[in-house]
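A.B. asks: Listed below are the residues making up each chain.
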Amino acid sequence: MVALETQNLTLTYGESLIIDQLNLQIPKGKITVLIGSNGCGKSTLLRSMARLLKPKEGNILLDGQAIATTPTKEIAKRLAILPQSPTAPEGLTVQQLVKQGRYPHQNWLKQWTTEDEAMVNEALESTGMTELKDRAVDSLSGGQRQRAWIAMTLAQGTETILLDEPTTYLDMTHQVEVLDILFELNQTQKRTIIMVLHDLNLACRYADHIVALKDKTVYAQGHPTETITPDTVRAVFSMDAEIIPDPIYGTPMCIPYSRGRIGRKGGTQPHAHHVAISTAVGQFA
Amino acid sequence: MIKNLLGSTPLKLGGLFVCLVLLLAGLIGSVIFGVVDTSWHVAIDAYTQFDGSNEHIVIREVRVPRALIAGAVGASLAIAGALLQAMTRNPLADVGIFGINAGASFAIVFGAAVFAMNSLGEFTTLSFIGAALSGVLVYFLGALGREGITPLKLTLAGAAVTAMFSSFTHAILVTNEQALNDVLFWLAGSVAGRKLEMLTGVFPYMLLAWIVAFLMARPINTFMMGEDVAKGLGQRTVLVKALAGLLIVLLSACSVAVSGPIGFIGLVTPHLARYLIGSDTRWVLVYSGFLGAILLLFADILGRFIAMPGEVPIGVMTALMGAPFFIYVVRKGLVRA
Amino acid sequence: MKKQLVIRNESFSFLLERKTLLTTTILAILTFAAFVVSIGTGEMYISPINVIKTLFGAGEKQYELVIETFRLPRILVALLIGAALSVSGSILQGIIRNPLASPDIVGITHGASVAAVGLLTLFPTVSVFWLPPVTLIGAGVVAAIIYLLAWKDGVTPIRLVLIGVGIKEVMAAITSLLVVTSPIYLTPKVQIWITGTVYGSNWENVSVLLPWVILMLILTMMYGRTVNVLQLGDDIAAGVGSPVSRHRLILLFFSVALAGAAIAIGGAISFVGLLGPHIARKLVGPSFGGLLPVSAMVGALIVMLSDLIGRTAFSPLDLPVGIFTSAIGAPFFIYLLFKNRNQ
Numbered sequence: 001m002v003a004l005e006t007q008n009l010t011l012t013y014g015e016s017l018i019i020d021q022l023n024l025q026i027p028k029g030k031i032t033v034l035i036g037s038n039g040c041g042k043s044t045l046l047r048s049m050a051r052l053l054k055p056k057e058g059n060i061l062l063d064g065q066a067i068a069t070t071p072t073k074e075i076a077k078r079l080a081i082l083p084q085s086p087t088a089p090e091g092l093t094v095q096q097l098v099k100q101g102r103y104p105h106q107n108w109l110k111q112w113t114t115e116d117e118a119m120v121n122e123a124l125e126s127t128g129m130t131e132l133k134d135r136a137v138d139s140l141s142g143g144q145r146q147r148a149w150i151a152m153t154l155a156q157g158t159e160t161i162l163l164d165e166p167t168t169y170l171d172m173t174h175q176v177e178v179l180d181i182l183f184e185l186n187q188t189q190k191r192t193i194i195m196v197l198h199d200l201n202l203a204c205r206y207a208d209h210i211v212a213l214k215d216k217t218v219y220a221q222g223h224p225t226e227t228i229t230p231d232t233v234r235a236v237f238s239m240d241a242e243i244i245p246d247p248i249y250g251t252p253m254c255i256p257y258s259r260g261r262i263g264r265k266g267g268t269q270p271h272a273h274h275v276a277i278s279t280a281v282g283q284f285a
Numbered sequence: 286m287i288k289n290l291l292g293s294t295p296l297k298l299g300g301l302f303v304c305l306v307l308l309l310a311g312l313i314g315s316v317i318f319g320v321v322d323t324s325w326h327v328a329i330d331a332y333t334q335f336d337g338s339n340e341h342i343v344i345r346e347v348r349v350p351r352a353l354i355a356g357a358v359g360a361s362l363a364i365a366g367a368l369l370q371a372m373t374r375n376p377l378a379d380v381g382i383f384g385i386n387a388g389a390s391f392a393i394v395f396g397a398a399v400f401a402m403n404s405l406g407e408f409t410t411l412s413f414i415g416a417a418l419s420g421v422l423v424y425f426l427g428a429l430g431r432e433g434i435t436p437l438k439l440t441l442a443g444a445a446v447t448a449m450f451s452s453f454t455h456a457i458l459v460t461n462e463q464a465l466n467d468v469l470f471w472l473a474g475s476v477a478g479r480k481l482e483m484l485t486g487v488f489p490y491m492l493l494a495w496i497v498a499f500l501m502a503r504p505i506n507t508f509m510m511g512e513d514v515a516k517g518l519g520q521r522t523v524l525v526k527a528l529a530g531l532l533i534v535l536l537s538a539c540s541v542a543v544s545g546p547i548g549f550i551g552l553v554t555p556h557l558a559r560y561l562i563g564s565d566t567r568w569v570l571v572y573s574g575f576l577g578a579i580l581l582l583f584a585d586i587l588g589r590f591i592a593m594p595g596e597v598p599i600g601v602m603t604a605l606m607g608a609p610f611f612i613y614v615v616r617k618g619l620v621r622a
Numbered sequence: 623m624k625k626q627l628v629i630r631n632e633s634f635s636f637l638l639e640r641k642t643l644l645t646t647t648i649l650a651i652l653t654f655a656a657f658v659v660s661i662g663t664g665e666m667y668i669s670p671i672n673v674i675k676t677l678f679g680a681g682e683k684q685y686e687l688v689i690e691t692f693r694l695p696r697i698l699v700a701l702l703i704g705a706a707l708s709v710s711g712s713i714l715q716g717i718i719r720n721p722l723a724s725p726d727i728v729g730i731t732h733g734a735s736v737a738a739v740g741l742l743t744l745f746p747t748v749s750v751f752w753l754p755p756v757t758l759i760g761a762g763v764v765a766a767i768i769y770l771l772a773w774k775d776g777v778t779p780i781r782l783v784l785i786g787v788g789i790k791e792v793m794a795a796i797t798s799l800l801v802v803t804s805p806i807y808l809t810p811k812v813q814i815w816i817t818g819t820v821y822g823s824n825w826e827n828v829s830v831l832l833p834w835v836i837l838m839l840i841l842t843m844m845y846g847r848t849v850n851v852l853q854l855g856d857d858i859a860a861g862v863g864s865p866v867s868r869h870r871l872i873l874l875f876f877s878v879a880l881a882g883a884a885i886a887i888g889g890a891i892s893f894v895g896l897l898g899p900h901i902a903r904k905l906v907g908p909s910f911g912g913l914l915p916v917s918a919m920v921g922a923l924i925v926m927l928s929d930l931i932g933r934t935a936f937s938p939l940d941l942p943v944g945i946f947t948s949a950i951g952a953p954f955f956i957y958l959l960f961k962n963r964n965q
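Chains as they are written, first to last, in the working numbering: chain A, 1 to 285; chain B, 286 to 622; chain C, 623 to 965.
Please note that a few of the clues may not be correct.
As the list claims (entries may be wrong) - In silico DSS-like links for lysine-lysine, alpha-carbon gap of 30 Å or less: (1) C/Lys625 - A/Lys110; (2) A/Lys214 - A/Lys56; (3) C/Lys811 - A/Lys73; (4) C/Lys625 - A/Lys133.
Keep in mind the hints are simulated off the structure, nothing from the lab.
Isolated chain A (complex conformation) (with noise of 0.2 Å):
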């Protein structure tokens, strides 16, 4: 089953290109990752996925119909987007920005049918922000201040949701915290999440798809496990690396080298390692 489909899709950004004739199928109801180095237009796909960039030329289907041609309102009925660092106005209350997630539902006369109210509240207590719906948003932590904003998508009452680096800014804990929850919504609710991170580790560890951008288009796809591989990280970050599994949940983990140290079992070449190593991971999926 496919959630999103491009089809061709080419998008620039004032002169410049950025992605080139893409074809790509996004599936139902998993954890899709966009991966890529910085500037490598995985942000700008993302935007053009939710409507918020028109594409240059090609077409992008949501459960199989053009979005192009599909009223605002109904796609924002289907498909919800976070984007990067969101800000919210003074003085505006967890409450009243989850509330406003429910948008595309509601007209000026109903404004808060029973259905908005149950939507609204099971969002505060998915996110565990249910304490603090009447706090200001702008005196929240940076962590909780994302989880309002997560839960603001998810009253929108989506089937699919996009997230542009909802982890920027966070800390460690803050990081775990919010895929968490994403990845609760995607077992309990079999929500299709689609979204960029930066972090490669946490990227194999939730997805249960990555796509890795380069050169304007797909370079690979697939389970993290047959995806990340050092050829892959190589061409796509240009860097060498290690994969080894993660020790906790066996997903694929990238060690990088680098140049100033020299490596711990008396200084053997690193990359006499690298087939072995990238053999265990596959072996151990």
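With chain A held as given, fit chains B and C onto it using these hints.
C.D. replies: Frame of chain A, contents of chains B and C only:
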């Protein structure tokens, strides 16, 4: 680095020579064109063989002071604008946009209406106080909030402070008709009808500020990489900011005292200068100074012809010419959000 | 006690904050009190009781003339102008996402000024009856110019504001050109208009302003939830299904229609559009459903009280209301900014 028209030092010096020629042309043009045209040798005669004729008096008392004032004010405003744009790293910065002109104008109208001040010395002091007050206020308001100084916030703070001071000015003028008639033409910004003494009174300060600004160019270059970076390189940034602020206030205060508020010269010329010679502050300052003087001289000459036999105040001319440029800069997307 | 009140049946449902409700009620009482006191104060003092009696048609004959012919229309105009300017500012601040935006900052007021000053100086013989429509058209045309110049694959708030500031300078230059080149005897009249005054308002003004302002307030109220999502930024608003550029244009229209009407009748009264929404937000927060009525009442209070001062404090001089809105508004505004600098 964007390619500039005048890349090498010889080219830059050559450009400077062209500027000098244009400046002289502007000065001469300003002296000989007007309601009554005259010629350059009559102008010379007025000084070498003064015969007391009307023509000679007009040249000595009206035309020459006007040309020199336009040149000096133009250069001062342009250098103030260049400093302001460099220090705030904001391509939209100008002493008009930032409310400094409005503050200085208010102070002068206030002094004239309430304390019956009318000498140039008093005007200069008032103008300096008003300019300093509004400058500090705008800078402070623009720096409020989480993200620190942004071009948008600075511009809005400038607009708010302008609105405040100009409504105060209007309030005084409404309640005091005498003051209204005295300052109205001056308020629109004009270099006409000023005596040469008005310029000579403030010129030493202007000259001093020009020289100090040029000497400060190197530290400003460092500062433009970002305040934190500059601090990291060992610069005492507070000192640089304070001195640059003082220069900006001094230059605009002197200008406003002589000619009333004139906007947009400080906005346009640094852009022009950077377009010609790149971003090195030393050259930007020198070129801005010349271009500002040239632009204001030509704007003034043009203003005499558009509404013959009346005159368009030069502040109106520069706004009409400069504001479209401002809009162009915004549309071009040169402003960081 | 619960913090919120839910009103809900088959066909409509709303969520009201108790705090907002309380604030609105208190402000309504204050506004009415100021209204009554304002009517009672002047050369002839009339006690509040008598004012209320007269308003309901049971007063003494001697008061009727003063109240109904002179004071009531002027005070109603002040009230409506205040509400209109303040709401106009609230809309702008919401859609531009910046608390410093207001009709007098982004050039709308100045566009109206050019139209009005042009009429006053170039056609001094034309009846003042034409002043309101011409001013309103001026505001509209300038807003349209700003919007078109700010358009480049859609309109971003930052471009809208900055272009507005640029256009404002052009308009100010044209106004000052008109003033300087006009005969000297017209200048004081123009200055008073630029400062803003409700002196000499009549029932005709009220009958023009009242339906227009009420209509625009209702329409704005209907778009309240759209302002709410626009306040969260273009991406979020588009993400939850608002056609951002179209909604922003519609709301800009409401804002211009309100400010234009107010300026048309009262002249360029400054700072109300900046200050009213600010105070309102401090009272009830940025959620637009509650913000709109509160900011309307705060604006009405500011202009009404400013006019009361202008009318009585320097008697027999009747000073333009604009002097006081800026004298009170500007320092208070700066104080507000200072006080909230760390938030």
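A.B. asks: Against each hint, give a clear statement of whether it holds in the structure.
C.D. replies: Tested hints:
no.: 1; hint: C/Lys625 - A/Lys110; in the structure: 20 Å, holds
no.: 2; hint: A/Lys214 - A/Lys56; in the structure: 19 Å, holds
no.: 3; hint: C/Lys811 - A/Lys73; in the structure: 52 Å, violated
no.: 4; hint: C/Lys625 - A/Lys133; in the structure: 11 Å, holds
Hint 3 alone, counting from the list given before, is not met by this structure.
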